[in-house]
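Colleague: Below, each chain spelled out in residue letters.
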Amino acid sequence: MKTEKIISVQNLTKMFGDFTAVKNISFDVYKGEIFGFLGANGAGKTTAMKMLIGISKPTSGSSTVAGLDVATQTEKVKKSIGYMSQRFSLYDDLTIRENINFFGGIYGLSRDQIRQKSARLIESLGLQKESKKLVKSLPLGWKQKLAFSISLLHEPKIVFLDEPTGGVDPITRRQFWELIYAEADKGTTIFVTTHYMDEAEYCDRVSIMAEGEIEALDSPKKLKKQYNTNSMDGVFLKLARNVE
Amino acid sequence: MSISVHNLSKSYDKIKALDAISFEVNEGELFGLIGPDGAGKTTLFRILTTLLIADEGVAKVANMEVVKEYKRIRESVGYMPGRFSLYQDLTVLENLNFFATIFGTTVEENYELIKDIYIQIEPFKDRRAGKLSGGMKQKLALCCALIHKPKVLFLDEPTTGVDPVSRKEFWDMLKRLNKHGITILVSTPYMDEAALCDRIALIQHGKLLEVDSPQNIVDRHQKIIYNVSAENTYRLIQDLKRFPTQEAVYAFGEFIHYTDSKSSFSPEELRAYLLQNNHKNVDIHTAVTTIEDVFMDLASTFKSEAIEN
Chain A
0 MKTEKIISVQ
10 NLTKMFGDFT
20 AVKNISFDVY
30 KGEIFGFLGA
40 NGAGKTTAMK
50 MLIGISKPTS
60 GSSTVAGLDV
70 ATQTEKVKKS
80 IGYMSQRFSL
90 YDDLTIRENI
100 NFFGGIYGLS
110 RDQIRQKSAR
120 LIESLGLQKE
130 SKKLVKSLPL
140 GWKQKLAFSI
150 SLLHEPKIVF
160 LDEPTGGVDP
170 ITRRQFWELI
180 YAEADKGTTI
190 FVTTHYMDEA
200 EYCDRVSIMA
210 EGEIEALDSP
220 KKLKKQYNTN
230 SMDGVFLKLA
240 RNVE
Chain B
0 MSISVHNLSK
10 SYDKIKALDA
20 ISFEVNEGEL
30 FGLIGPDGAG
40 KTTLFRILTT
50 LLIADEGVAK
60 VANMEVVKEY
70 KRIRESVGYM
80 PGRFSLYQDL
90 TVLENLNFFA
100 TIFGTTVEEN
110 YELIKDIYIQ
120 IEPFKDRRAG
130 KLSGGMKQKL
140 ALCCALIHKP
150 KVLFLDEPTT
160 GVDPVSRKEF
170 WDMLKRLNKH
180 GITILVSTPY
190 MDEAALCDRI
200 ALIQHGKLLE
210 VDSPQNIVDR
220 HQKIIYNVSA
230 ENTYRLIQDL
240 KRFPTQEAVY
250 AFGEFIHYTD
260 SKSSFSPEEL
270 RAYLLQNNHK
280 NVDIHTAVTT
290 IEDVFMDLAS
300 TFKSEAIEN
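So the protein lines, in turn, are chains A and B. Using numbering that gives the first Met the number 0, read the first sequence as starting at 0 and increasing by one per residue. Using numbering that gives the first Met the number 0, read the second sequence as starting at 0 and increasing by one per residue.
Derived by calculation from the structure, the hints in this document are not laboratory data. One thing to keep in mind: the hints can contain errors.
Residues of chain B placed beyond 10 Å of chain A at every Cβ, according to the derived structure [stated by the list, open to error]:
| id | residue |
| --- | --- |
| 1 | Asn62 |
| 2 | Ser84 |
| 3 | Phe102 |
| 4 | Glu107 |
| 5 | Arg127 |
| 6 | Lys167 |
| 7 | Leu176 |
| 8 | Asn177 |
| 9 | Gly180 |
| 10 | Lys206 |
| 11 | Asp218 |
| 12 | Ile223 |
| 13 | Tyr233 |
| 14 | Pro266 |
| 15 | Asn277 |
| 16 | Val281 |
If you anchor each label on the Cβ, the simulated ranges turn out as follows [said to hold, decoys possible]:
| id | chain 1 | residue 1 | chain 2 | residue 2 | range |
| --- | --- | --- | --- | --- | --- |
| 17 | B | Ile223 | A | Lys1 | 31 to 39 Å |
| 18 | A | Arg110 | B | Ser3 | 55 to 63 Å |
| 19 | B | Met0 | A | Met14 | 54 to 62 Å |
In silico DSBU-like cross-links for lysine-lysine, where the CA-CA straight-line distance does not exceed 35 Å [as the list claims (entries may be wrong)]:
| id | chain 1 | residue 1 | chain 2 | residue 2 |
| --- | --- | --- | --- | --- |
| 20 | A | Lys1 | B | Lys240 |
| 21 | A | Lys131 | B | Lys13 |
| 22 | B | Lys13 | A | Lys135 |
| 23 | B | Lys15 | A | Lys128 |
| 24 | B | Lys13 | A | Lys116 |
Backbone N, C-alpha and C define an ideal beta-carbon position, used for all residues, glycine too.
The task is simple: from the sequences and hints, build the whole structure.
Modeller: This is the structure:
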C-alpha cells in the first residue's frame, strides 16, 4: 500500500469572475501512485491541474506538491515536476537530439548529464536511427513517447500528463502505458488525464470531476462496485454530468 | 452508391498518405473510417470533398466524379473538418445565416433537419463562435454543415478530445440524422465508436485493413483471446511477454488480452507459468473480441512493412 503523500490538496477553489471553475476540492495523491484525473470537458480538470503545477493562482485553498507549498515555493515546485500535454509537447522543427538537449538545458542539467541521458533515452525508445530527424517527421505515438521521456529528464518526483494518448494508435497507446507503468514502478508519481476509459482502469486510483467538484475518488475496482457497473465507462457515464 | 473509391493514392513528398485504397459506401449508410492519427483519414476526406486531387485512382460522391464535377459535389455534400473552421468573429446565428446564404438557401427552409441540434445552442445564438465551449462549437459546425440539406455528410474526427459523455450524445445525434436518409462518412480514432456504425473501414498507414460491418469483422477473427488478470498488472504484462508461445499481449481495461500462437494452447499451462512466477489472484478466461483487438492484430501484421517505407 502506498502511504507517503506526494500531493496534498486542501479546499482548492478557482473563480473566473462569478464562475467557479473549481469548487473547494481536497484530495491526496501518494508516492508512486498512478492517479487518473478524469472528468467531462469543462469539468475543471485543466484549471485544477494548472494550479497544481503553479501556473495558475487559486482563489482560495492550498496545495503541497512534493512537500513544497505551491503558492510560496512555486519555482521549486516546477523543478520537481515534469509535464507533458497533448497539444504542446516538443519543438517540431528541432531534431530528436536537439529537443533532448534543449529541454535538458532548460531543466539545468550539465552537458555530461545531457549526453548520458540523451544516449540512454534514444536507446530505450529504439530511436537510434531517427535521432537526427526532425520531430515533425515522427508519427504522433512516437512523439508522445519521446515527449514523456523528455519530461522525465530531470528525474521529477511527479509527472503530470494531460491527455497524453489522444489520437494515438491502439498499439502505441499501450506501449505508452507500459512506459508509465515502468516509471511508476521506479517510484515516480504519475498524475494523468484521459478520455479513454480503458486507460482509467490502468490507474491505481481515479478521481472523477463534474462541475468543478470531485464526485468520486477510489480505485477502479471499488468505483465499479460502488456504482454497480462492470466498466469505468459505466462509472463515468453515471457521474460526469454534462455541464453544457 | 453514395461514395465509391477505386485505387485511390496520394503522396506528400516521400510519405504515402493513401496507398491504392478502394471501398464503397451505400446510400443512407452510417460508415465509419476507423484509424489513428496519421492513418490517412483527413487526406481521404479532402479528396472526397474536392479540396485535394489524388495522384491516382477514381472517386465518386453521389454519383459524381470528384475532379470533373467538383462544383456540383460541393453543393450536395456537408463537410465538418477536424479543426474548427467557422468564422470566430461572427455570432452563432450569423455563421448559420452565412452558410445558408452561400448555398442559396435559408435557415428556415431546412430548420427541421438541424432543429434537434440547434435548440441546444439557441440560448447562445448572439454569442461569437470563438467564445463558445468545445461542445457548442461542434454543434454549431454540424448545423452549418447540414444547413443546405446535403446528401452526404463528411465528419472528420468529430469526437477527438471529447469526453465519453459528450461523445455518446454526439453519436445519438448522428443516428437521428442518419434516419433522415443522409449518408454519413465519419472518422474516429476511438475504436469503441466502430460498433455504432453500419459498416466500417479500418485504416492505418494509408491502407485499408478491413471493410465490413463491425460484427462481421469481429466474427471473422479466428484467434482466441484470453482475459488475464493478477495482482500486479505491470509485472503480469512483462511476464506474459516472456511466455514462449505468446503472440500478443495488450492491456485492455481491467484485464490483459492475451493471444497464443499455438493451436493446442491450454490456459492451464499459462496459469501454471504465472503461479510459478509468484503471481497472485491469477484469473484467465476467454474474452469477447472487440474491433480494437482485430485492429491491433491486423495493424501489427502491416506494421513492419510500413516502417521500412
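Colleague: With reference to the structure, classify each hint as holding or not holding.
Modeller: Tested hints:
Against chain A, the non-interface label of Asn62 of chain B holds: every CB pair exceeds 10 Å, the least being about 33 Å. With a cut of 10 Å on Cβ distances, Ser84 of chain B stays outside the contact zone with chain A, its closest approach being about 18 Å. Distance check for Phe102 of chain B against chain A: the nearest CB is about 28 Å away, which clears 10 Å, and the non-interface claim stands. Every CB of chain A is more than 10 Å from the CB of Glu107 of chain B (nearest about 26 Å), matching its label as outside the interface.
Look at Arg127 of chain B: its CB is around 17 Å from the nearest CB on chain A, clear of 10 Å, so calling it non-interface holds up. Distance check for Lys167 of chain B against chain A: the nearest CB is about 7 Å away, which does not clear 10 Å, and the non-interface claim fails. With 10 Å as the threshold on Cβ separation, the claim that Leu176 of chain B sits away from chain A holds: the shortest Cβ distance comes to roughly 19 Å. The non-interface label for Asn177 of chain B is consistent with chain A: the shortest C-beta to C-beta separation is roughly 22 Å, beyond 10 Å.
Every CB of chain A lies more than 10 Å from the CB of Gly180 of chain B, the least distance being 28 Å, so the non-interface label holds. For Lys206 of chain B, the non-interface assignment is confirmed: its Cβ lies about 13 Å from the closest Cβ of chain A, beyond the 10 Å cut-off. Listed as outside the interface, Asp218 of chain B is consistent with that label: its C-beta sits roughly 20 Å from the nearest C-beta of chain A, beyond the 10 Å cut-off. Its beta-carbon lying about 19 Å from the closest one in chain A, Ile223 of chain B satisfies the requirement of being farther than 10 Å from that chain.
With a least beta-carbon separation of about 4 Å from chain A, Tyr233 of chain B fails to lie farther than 10 Å from that chain, contradicting its non-interface assignment. Annotated as non-interface, Pro266 of chain B keeps its C-beta farther than 10 Å from every C-beta of chain A; the closest such distance is 21 Å. For Asn277 of chain B, the condition that its CB be more than 10 Å from all CB atoms of chain A holds, with the nearest at approximately 16 Å. Every beta carbon of chain A lies more than 10 Å from that of Val281 of chain B, the smallest distance being close to 16 Å; the non-interface claim holds.
Against the hinted window of 31 to 39 Å, the Cβ-Cβ separation of Ile223 of chain B and Lys1 of chain A comes to about 36 Å, which satisfies the hint. At about 59 Å, the CB distance of Arg110 of chain A to Ser3 of chain B agrees with the hint of 55 to 63 Å. The hinted range of 54 to 62 Å is satisfied by Met0 of chain B and Met14 of chain A, whose Cβ atoms lie roughly 55 Å apart. Restraint check: the Cα-Cα separation between Lys1 of chain A and Lys240 of chain B comes to about 27 Å, which is no more than 35 Å; the hinted pair holds.
A threshold of 35 Å between alpha carbons decides the hint, and for Lys131 of chain A with Lys13 of chain B the separation of about 17 Å falls inside it, so the pair holds. Distance restraint check for Lys13 of chain B and Lys135 of chain A: the Cα-Cα separation of roughly 14 Å lies within the 35 Å cut-off, and the hinted pair is therefore satisfied. Distance check on the hinted pair: Lys15 of chain B and Lys128 of chain A sit about 20 Å apart at the alpha-carbon level, within 35 Å; holds. The straight-line distance between the Cα atoms of Lys13 of chain B and Lys116 of chain A is roughly 32 Å, inside the 35 Å bound, and the hint therefore holds.
In terms of the numbered hints stated before, the structure departs from hints 6 and 13, listed from lowest to highest.
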